[in-house]
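In case you want the letters, here they are:
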Amino acid sequence: MIEPDHSYAVEARGISKYFGGVAALDGVDFKVHWGEVHALLGENGAGKTTLSNILAGIYRADSGEIAVDGLTHEVRTPAQAIEAGIGMVHQHFKLVETMTVAENVHLGWPDTPTLVSQRVLVDRTNHLMEEIGLHVDPTAKVWQLSVGEQQRVEILRVLARGAQILILDEPTAVLTSHEARDLFKVMRDLVSGGRTVIFISHKLNEVLEVSDQITVLRDGVHEVTRSAEGATPRELARLMTGEERTLEVEHREITGETVLQLEGVTASNDRGVVALSSVDLVARSGEILGIAGVSGNGQTELAEVISAMRRVDGGTITVDGEDVANGLVRKVTDLGVGHIPEDRIGVGIVGSASVKDNAVLRHYWTEGLSSGVTLFRQAVVDFATRLVEVARVQTRSITATAGQMSGGNQQRLVARREALLATRVLIAVHPTRGLDVLAAQEVQTAVIGQRDRGAAVLFISDDLDEVLLMSDRIAVMYEGRIMGIFDRVDADREAIGLMMGGHTLEEAMAK
Amino acid sequence: MSTYRLERRLEVDTKKQALTRVAGALIAMAVAGLVLLLTGRNSFKILFDGLEAIFGSQRGLEGVALRAIPILMTALAVALSLRMKIWNIGSGGQFLMGAFAALGVGIHVNGPGWLVLILMALAALVAGSLWILVPALARAYWDVNEIITTLLLNFVAAQLVTWASIGFWRDTEAAVIQSTKRVPYRLAELPGTDSLTIALLVPFVIALVLFWIFRSTTIGFEIDTIGGNARAAAFAGINVRRRILLVMLCTGAIAGLGGMLQLSAPGARQLGPGYEAQFGLTGFIVAALAGGAMMGVLVGGTFIASMFFAGLVLQTKGLSVYIIFGIYGLILTGVALGEMAARYRLVRVGDAVSSERVAS
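Protein sequence lines correspond, in order, to chains A and B.
1 is the number of the first residue of the first sequence in the working numbering; add one for each residue after it.
1 is the number of the first residue of the second sequence in the working numbering; add one for each residue after it.
Any given hint might turn out to be false.
Derived list of chain A stretches under chain B, where covered just means 3 residues or more per stretch with a C-beta under 8 Å from a C-beta of chain B [stated by the list, open to error]:
#	segment
1	86–97
2	367–381
Selected chain A positions facing chain B (Cβ under 7 Å, derived; list incomplete) [what the hints assert, rightly or not]:
#	residue
3	59
4	124
5	316
6	327
7	329
8	347
9	361
10	400
Below 20 Å or equal to it, Euclidean Cα-Cα: the simulated SDA-like pairs (lysine to any residue) are [unchecked claim]:
#	chain 1	residue 1	chain 2	residue 2
11	B	16	A	161
12	B	15	B	291
13	A	94	A	19
14	B	85	A	401
It is worth saying that the hints were derived from the structure and are not from the lab.
None of these values were measured; they are calculated from a predicted model.
For glycine and all other residues, C-beta sits at the position ideal for the given N, C-alpha and C.
Looking at chain B on its own, in the form it has when it is part of the complex (with noise of 0.2 Å):
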């Protein structure tokens, strides 16, 4: 009698990973498939419209990008951040702070289009790296555990910017109550496109520079040395605290970079409730299931972007919306499964003991 079992494997092949995760969202799909047929549905036509959706137009196309911008940003963020092993759950509070002081700028200062988008760009850096400057002093000098004032940060800044809306910003021409004026300036388009900006361009260039400093240059060297052993960083030499603070000032200088892109988007270009629609919490699904690689994200990113997107039409569809989250999770779910299936491998047993056998 032989029998089959899993074993860890030693060394885990990415790119057999990367397929493997596939397969569990297409696994997961198909799951989902079933369950809505038994439920009188046709899913093959959800499908259909789902695909359809998004590659039927350029409108579906530009949407997905759309959606895309925001959650790369944040993920990107996270993921930079989980390189070191450290957690920033507060990506979509900076986010909006970056959106919140980019929109401060771009409201108050005229002059050239062209100068005021740059200082709303520093403007949102600067505010998104100030929004994660407490978490990542306490985190480098006093060792306090970053998930809990990033996440908490989030709070306040949707605080503060509900406040902006309904308050020293609101918009006061048009009907909405809670909106704040709107920014009168925006991005180049993309030209042979309807909805997009340059903004499309930023998170592939970070995604970019993000790559080529973890595989080319010392920093990166650094950085994914204390995320593996911070002791033996300290060994060789590397300021840790430096490295740390640095780190967690860049990504939050991404994730409000991010909020500042987002205003550029068509029926944006506002802040309110609302403006930072889980982008924090989705980059973060992205960032942990690309493991903190970033082409990995870039991916995932616009892979649950479109996923989004495709929802979206199927809720006008007359699709459930609690159908679709959970179609979403199951996904989800699929692939994070997969990512676990291509750490194990099935092996075959020979009969190793026999059983209740008597000495001679």
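Only chain A is shown next, with the shape it has when bound in the complex (with noise of 0.2 Å):
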């Protein structure tokens, strides 16, 4: 018998999967070494999650094999993966969110006590976290959590089963920028004392951050593996989209009349907590204004007010000098303002409807698609030809149902739908978050292109370096307030930083 080779953690070799005769992957080679970070890089479709799937055990390889530390193992089962050492924390949580934390560690674990107290449950919650170094409320029930800490009772869950082989699949696409901070040192905590993480994303700087490796995969293929010292950002997006691509946004003197305007704007957030307080915002035809603030300072209630999807407490609302606020959804879509909320597939898109009757969901009552009564049907199979062609949404036919194409494809959909009615006003929040370079490239023009059709735009973005590079002027939220406007050109990101934070722009400027 040879001496199995123990340098690896996972080794895969030539693992193939197809579906409907497609390859998602095509003889991938994958090599993790222990204690490492090991980004999984590659743009949405090229195989990433296909490739953890299988290594846990969720799909089975149609060819290849997989070893762990050295022995090669049927991955057949999630049961098999846990028992073989790998466990994956998936996008969307498996929590039962009535239950708590200690109860959802233990659940459908082999260990758990068959007879067993809440009060056992929790001293081995606690015992768990204390050995794991990760920490939660073991007796909160989970809805009550932050998405970071379910994230972490996840996490939690998996490493209590024994997994030494950590898969997080784009574990920073549902965080804060101060979430997935944390994260990252938890990542940093897990590799040092001897586990492996393999770390699945699309953002470059994230991924150069955390990672000690770096594999690139591009439609199903493995691109390459290297070291993350020494990489660029630019050199990775171009293995990964295959060509060499930025945006170049040209920003240019701004002459356009008031379109959009609010005036001393109050609203509350859906817990009744006061998310707007008084706030003044002018937007122009032609310009780009960014909202920088990190999530949850009241940018979500600010796009929902100006497109009357929640009331106001008070302040006015002006679009063209029509008042807005309170109004009707469909009066503001009729004054030509398009909005691409930031949760696009819960609130933008009916999954069991056809792309079809998701292409003119925001629209369909209007003169050209309706009587009124009916339904022009072949001008709404035209106008959804059209739509998915110039958002290039890959899908079989504008008949099948837009739950089925990848979220990729929905938001491309969703961004571009709202772009053709935005002939106004465009309210985009977070529009590219959850995006390839590609993809998101495409949102990003598809919003200049609006502008430059005379739109003003709000692009709403906790994503500082999007809100520089893509806004002709720049307001900084903070609790509901903003705290200061800057033109591009005196756009200082220490200071927006700053004002981020909660900081005056008086004291902004000061440091």
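Make the complex out of the two chains shown on their own, each in a separate frame, by following the hints.
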């Protein structure tokens, strides 16, 4: 017998996986050492998630083999994967929201005693947290936790079952940048304790920040594995997309008239807490007004009051002089306001409806698409066909349900649909969040195109780099207030950063 | 070594799904037949008798049609609400209240038959929708689950009808204790039939109208959108509350009209215990199996009515009622499994990961 080679935590050789005859993975080799954070980088559809699902026993590879710590393992089910030491935390958590942290950790775990009291569960959980170095209140119900904390519970669950190799599937997509920092610290702690973390992402900066090794997949093929040291975002982007792309945004003198005006707007969030306090804003035709701020400082509510999705408690909102505050959604749409909502799939898409119905979701009632009673089916088909083409949505047909498209394609559909509606105002809330480089640039291009056609754009993002890149003017939001507004040329990154953290304009400029 | 595995289909072909349902029903019938054979009964004869009961005579076909009307009406009512993901479990109660109101008009209003019948139909429509008004308001404005509210009102309706049949509208001339007076008016007969009236046309017309609404109108689009994602519907500017009210009142009205149509059936024309005869429940099964598709409701409702009719005839031929109910259940389970089967396909998977080899 040959002595097994323990140098690799995971060694996947020649992995191929086909879906309906299409290769999602084509002979991929993937080797990960013990004690490293290994990033798996690639665009949507490159095969990152497929590969990790195979490692975690959720899919079975059509060919190839997997060795864990030098021993070839049969990984057909998640239970077999865990036995081999591989555990995965999915993008969408699999926690029972009404149960406590301790209960969730013990759920479906063979080591859980058959008859057990709450106190024992909590003690066991505390013990585990101490051992692993992750801390969440074990008695809290999961729904009471922030997304970042829920993710920690997921990680805890996987590690509790003895996983030495942890796969995190796009873990930062749902996190605020602050929570992402905390997660990176957890990841570093885990690898310094000898474990291995496989980190799936398409965010170049994050990958460079936290990883030791980087593997790039493109179109189901292994492109490169290299050390993160010395790698540049530009180089990685080229490897991911196969071509060099950087977005150049042209900024001109803004001479357009005022389109959108908010005066003293006050509103509450879903829990009834003040989310906007006395917001004054003006957006002019042909400009992108960026809203910088940490998520949860009123940006969502700001977007919603303008598109009449949320009531204001005071103040006025006008579009081309027409008051729209507390009005009807359709009136706002009619005035030429498009809104790329933050939760595009939860709010912007009907998953069970066809792509064509989703294409006209926001204006099916307008002239040209309906008589008021009946829908003009041919017109709907024509519009949808055109939208799918310009948005480069990949779908088998426009009659297929929107829900079976990938998330990236659903987002493209929503973004382009709203851009087309936004003849006067486009509100874009985190429009590129979760998109790969190519798709993000398409959305950004669509936003810029709408500005150049004379729309006033409200560009809301918690990615300061993106706000700085896109915006003609930048407003900083903190706790529902506008802390200050900069022209692009005066925009001082440091000052904006300080104001996002709650400093006033004067304080920020003084430092 | 290669193995087979079930894989979920991304997209379900509705035509294939219709076929798998039929196949499911046939397999279930074969299973039932096998069991009956093993217990020493002649299943072929039973099958033959059942088919003959339905297709053997005009009387058989008319019997099926008579049973289909109330089932189709409640099924269409439920199917409409299902399009919005609203579960109207109370179609039986709305059916009864429709009949109750129509009866009240029929025995108290004197006039030309056609006029009284129209008034009866209107009364039934209004009564059916009033019976769901409170659940509708509660659902639309306070998000109160309609399953409980509509279900419980069924029992209230049943009590009210019992009270009417032993109390204020009791038929004092007949010897039966629990029955109301008879309506002296009848719907026009269908030419060429012995027992059928124009009531038979109503569910087909309603199904066609609903089919058109969901295929071609903005309101149908809105109802489907709310059913798919209510938040997206609000984002599209749809007044979700108003649409919930509209759909729920319409579903009640259709079930209520069903109750009035049943009054015109021979031998009915009056209310009493047993009038509702599980039409609400049966309609619910039909609508759920059809997945809210109107044409599917027509096919499924007719099928279930023929099955019930055949069962009735077989009972008179000595087959135990328990066996018949067992066969009903088996067949419906077969249809439901057939529906599921179309969502999956069998794929062959190659030898993916060989086991327990030692790496070099």
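Given the hint that residue 16 of chain B pairs with residue 161 of chain A, does the C-alpha gap stay at or below 20 Å?
-> 43 Å, violated
Under the criterion of a CB-CB separation shorter than 7 Å, is residue 347 of chain A in contact with chain B as hinted?
-> Where the cut-off is 7 Å and the nearest Cβ of chain B is about 5 Å from residue 347 of chain A, the hint holds.
Once the shortest beta carbon distance from residue 329 of chain A to chain B is found, is it less than 7 Å?
-> With Cβ-Cβ at 4 Å, under 7 Å, it holds.
20 Å Cα cutoff - pair residue 94 of chain A, residue 19 of chain A = 24 Å, violated
Hint check: is the beta carbon of residue 124 of chain A less than 7 Å from a beta carbon of chain B?
-> 33 Å, violated
Return the status of the interface hint for residue 316 of chain A: holds when the least beta-carbon distance to chain B is below 7 Å, violated otherwise.
-> Since the shortest Cβ distance to chain B is 21 Å, the answer is violated.
Hold the hint about residue 59 of chain A up to the distance rule: shortest CB distance to chain B must be less than 7 Å.
-> Check failed: Cβ of residue 59 of chain A comes no nearer than 9 Å to chain B, outside 7 Å.
Examine the segment 86–97 of chain A: at least three residues should have C-beta closer than 8 Å to a C-beta of chain B.
-> n = 0 at 8 Å, threshold three: violated.
Do three or more residues of the segment 367–381 of chain A come closer than 8 Å to chain B, measuring C-beta to C-beta?
-> Since 6 is at least three, the answer is holds.
Is it true that the CA of residue 85 of chain B sits at most 20 Å from the CA of residue 401 of chain A?
-> 17 Å, holds
Would you check the hint for residue 15 of chain B and residue 291 of chain B, treating anything up to 20 Å between C-alpha atoms as holding?
-> 13 Å, holds
Hinted contact residue 400 of chain A with chain B - closest CB pair below 7 Å | 6 Å, holds
The structure fails hints 1, 3, 4, 5, 6, 11, 13 (numbered hints given earlier, in ascending order).
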